[in-house]
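K.L.:
These are the residues of each chain, in order.
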Amino acid sequence: MTDAILSISGLGKSYDDVIAVDGLDFEIFKGQCFGLLGPNGAGKSTTLGMLEGMEEPTRGSVHYLGKPFPVDYQDRVGIQFQATTLQDFLSPHDNLKLFSSFYDDPIPMDRLIEQFRLNDFLHRDVRRLSGGQRQRLLLALALAHNPEIVFLDEPTSGLDPRSRRDLWDMVSELKADGRTLILTTHYMEEAEVLCDELLILSHGKTLLQGAPKKLIKEAGVSDLDTLFLSLTGETLVKTQEVIE
Amino acid sequence: MSSISRSLRRMRAIFIARNLEYLRDRASFGWNLVFPVMIVFALAIVFSGPPRALFVVTVIGTEALPEIVNFPGVETISDQQDKALDRLSRQQTDLVLKIVDGSVGYWVNGNSASGAILELLLKYTEDRPLQRGETDGEAIRYIDWAVPGILGMNMMYSALWGIGYVVVRYRQSGYLRRLKATPLTKFEFLSAQVLSRLLVTLTASVIVFVGTNLMLDYKMVGSIALLLLIALVGGLAMITLGLAIACRTESKEFADGLLNAITFPMLLLSGVWFSLDGSPEWVQVIAQVLPLTHVLEAARAVMLNDAGLADIALSLGFLGVFCAIGMSISIRLFRW
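Residue numbers (my numbering), protein chains in the order written: chain A, 1 to 244; chain B, 1 to 336.
Just chain B, same shape as in the assembly (with noise of 0.2 Å):
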């Protein structure tokens, strides 16, 4: 027997042991597809109602701008060009407005009729020369925008707890050291865990994205296939992120602090309850280096905009990455 299916057949073993051990923990499986079906109906019952009556104006620049965005009721934001028009195209501003030349540049979402309302305010109030642009595209709901981060959110517990506390717990308890009395390596231990914890991740979050959106309906415009992908590499970063946490903690409630420390900033920085947009230019260049930012950013440019591959290659690169460092790392300092 060759030692490399010797090596498959020790990390197959290692990989139905896990699988089983979760299963069979009945209450940890059901929680990590009720809670976040939960949040998701918690949220399209909070925000069903009617869309908030305040007006989005994005000023491009900060000179010489027209009156009506001082107007009660309008809130303006700044951004660059282009994602200033991104977000007309989403509905998420109402409209878009730049001084160029002392003439003030204006666009409007062709669909939004609070942009239309403001194109009116902005001709009624403005006498310098006005130039139009249009944009198309539906409006996003609040439920479309949090589903991704929802999801994302559940893979990021999912892993780091699945895999970081609980190789922690296999040392507490001895069991990492009844291992290493076998001809078990660190390499086969370590991948039949990642290999295991990416197939509870993605099915979880497969069962979720399907039976919520079959009830809810919500928006998913790109491709199944990339979303997958999105989710394969999104989790192994997530899983390796939660391996180098494990890797040498021996006491469950520091492992306990650590995960929360590494998970409580993903969840305010990355996006998953709300965009980072208009935010401090140090808070988005933290955000851009935690993995859950680049499986959002990723996952709602498919699900939203139908992006493609090329659109999404920067995010994947980074989650690429993130695992080859988190598992080098890992496979380095691993200690029984």
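Chain A extracted, bound-state conformation (with noise of 0.2 Å):
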């Protein structure tokens, strides 16, 4: 993990009087899973749409391999958005098809359907997924053409213990195959068993920034939720107590 494939500086975003990023320094490296940390409304998404390239920042810069994006970075990076509704009527298979079509050079369909376990659904009416199984596939579209980094918006976002688990393993497999993955979460267990760097927002700006265990460490916590707590007096989500 020596070259940063994203470098970000000075990176803001305004919506009219209102400062959703202000100010993000960091860098991002290779085969790195990054995790952007915050309560809702800390600027997790906002940033995480200026480096898919969805958004244009409103000021400061986001530079692929020290570079401005190339014409083809779509190509290069898989995304898992929050929220994505697909086409009704259209089976995990239709949209496996669809969505392969649009690349070059996809990763095979029976391998994509292995990997993320879709066989026991694969034919059925997407409006009829669990969550879980919703997530499963939209996890596998995200990655239909290989990229080389993949973001993920709150993937397990209500979602129920077993599918959370369930998720965290394929993320970690994502992790195995030494793909860079950029996820938000508010979900202080999910950062600390999935992320090797956090960044945690709040109201737009950098609070801390490092690893999960040297963090909590440094701070003399016992986790992340309390070294949170204890910096702005919020508190965030455990995945802990939804998991009980």
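What the hints contain is simulated information worked out from the structure, not anything from laboratory work.
Note that the structure is predicted; figures quoted are calculated from it, not measured.
Heads up, some of the hints might be wrong.
[Stated by the list, open to error] Label pairs and their in silico Cβ distance ranges:
id : chain 1 : residue 1 : chain 2 : residue 2 : range
1  : A       : D110      : B       : V37       : 42 to 50 Å
2  : B       : I331      : A       : V193      : 39 to 47 Å
3  : B       : E281      : A       : A83       : 48 to 56 Å
4  : A       : D105      : B       : R335      : 25 to 33 Å
[Said to hold, decoys possible] What the simulated footprint calls covered on chain B by chain A, stretch by stretch (three residues with Cβ under 8 Å from a Cβ of chain A suffice, anywhere in the stretch; the number is not a length):
id : segment
5  : 5-16
6  : 165-176
7  : 181-189
Note that the Cβ used here is the ideal one computed from N, Cα and C, for glycine as well.
Put the complex together from the two separate chains, hints included.
P.N.:
Next comes the structure, spelled out in structure tokens:
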């Protein structure tokens, strides 16, 4: 992990009078699982949107391998949005076929179906999928073209504990493949389990950055939520509460 | 792989996905076929009785009209000579009158009994010299006249809602944002939507046309190929109108209101249910800027009068320009 795949400098985003993201500076390295943490409204999704190339920064820059985004940046990244509705009446199989056809060299569908365990509901209308099944499908669609960087915007939000664990396993497998993963979450345990590096945001600004264990150790607290509480007086949702 | 073949591959994928979505939505699919058939049959039943017992006299000019126009049971309308004679040949009017240099010029349809009666009345009541003209042509039933209107109306609803409403739904649900994160371009997405809806609209129109004609045997004297061409260009015009509405709209409710605001005037002023002959000039001016008016004028000219390509060229030209403007606005303003 020596080369920065994304370099973020002075990044900011405003909507009229509202400053959503306010001057962020950080780097994300190849093969890293990088987590953006913070409560609702902290600026996580807006920051992610700018790293994905989906939103234009108001100020500052995001560089890919030291340069502005190349024309084919969308071919290099896979995105799992926080809330995506797919076309009604189509099945996971139809959707995989559709999204694979957008790319020149997609991952074979059979491999995706196996990797994300889609077989049991492969031909079911997407409207009838459970939350966990749906997230697995969305993750498979994000991976259809074998991207170098994968963005996951609150991938386990609203899932039951078992589905959450399932998805963690799948994200861990992607990490093991050496992909760069960038995820947002407000679940502390999720961040501790999955991320190599964390950027904790509050009101669009950097509060802390570092490896989860290092941050906890340096602060002398028991977990990230306690750390966040001690810094801001606000609390985050603990995954543990949901799992229990 | 060339960029064109990549583009075609992506367009094909979106085209197929949209068709699958539509075909599997059995309620919408069925409604698109059942609704116009229901209307055609309802009209056939409602208007299956004897023709109305009212004489219609069309006058050219308003000076020194014969006494006959004031008879009870005689409806009088004013029109231009060419339009009046055209209506006479279709027996939509029974007598055409024109005062020329102190004499009364009149035309009747040689096949019309009502015309013969009015001619007798005219001869009996009029002292001025009479100049006779004659046309021929069979009467047109209301169902013959209304069928193109119903087909056009169905095409309008299918095209406008099938594109306008659906694209806004895609946007509101975040599906367009998901597509934006792929190499799919605006042009590819919009073209695939247009082609998919065109296929649906044309197929539904052909099925309804053939099915109802087999059962009701309404009038179709012109070229089927020309009628298909009108459906193709007319369908495209409606679809691009739907796209233009959807290119920025973010709320389904607003899109619904906007679509209603556009379809309602067309329903009233494009001649779907009744002819605008004799209506105020400003109404006819407004009607001429509505694409459905041109679809119906061209379709009726082909179906009822055996019009050729040259006869409907103006309407087709208008629809073609309408398509080009609608598509360029849509591509320019479209937001994922």
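K.L.:
Against each hint, give a clear statement of whether it holds in the structure.
P.N.:
Hint-by-hint comparison with the structure:
The given range of 42 to 50 Å is respected by A:D110 and B:V37, whose C-beta atoms sit roughly 44 Å from each other. Range check, B:I331 to A:V193: about 46 Å between beta-carbon atoms, so the 39 to 47 Å window is met. The hinted range of 48 to 56 Å is satisfied by B:E281 and A:A83, whose Cβ atoms lie roughly 53 Å apart. In this structure the supplied range 25 to 33 Å holds for A:D105 paired with B:R335, their Cβ-Cβ distance being about 30 Å.
Only residues whose C-beta sits within less than 8 Å of a C-beta in chain A count toward coverage, and the segment 5-16 of chain B has 7 of them, enough to reach three; the restraint holds. Given a C-beta distance limit of less than 8 Å, the hint that chain A covers the segment 165-176 of chain B holds, as 4 residues qualify and 3 suffice. Coverage of the segment 181-189 of chain B by chain A holds. Counting CB-CB distances below 8 Å, 4 residues qualify, and the rule asks for three or more.
Of the hints listed earlier, there is not a single one the structure fails to meet.
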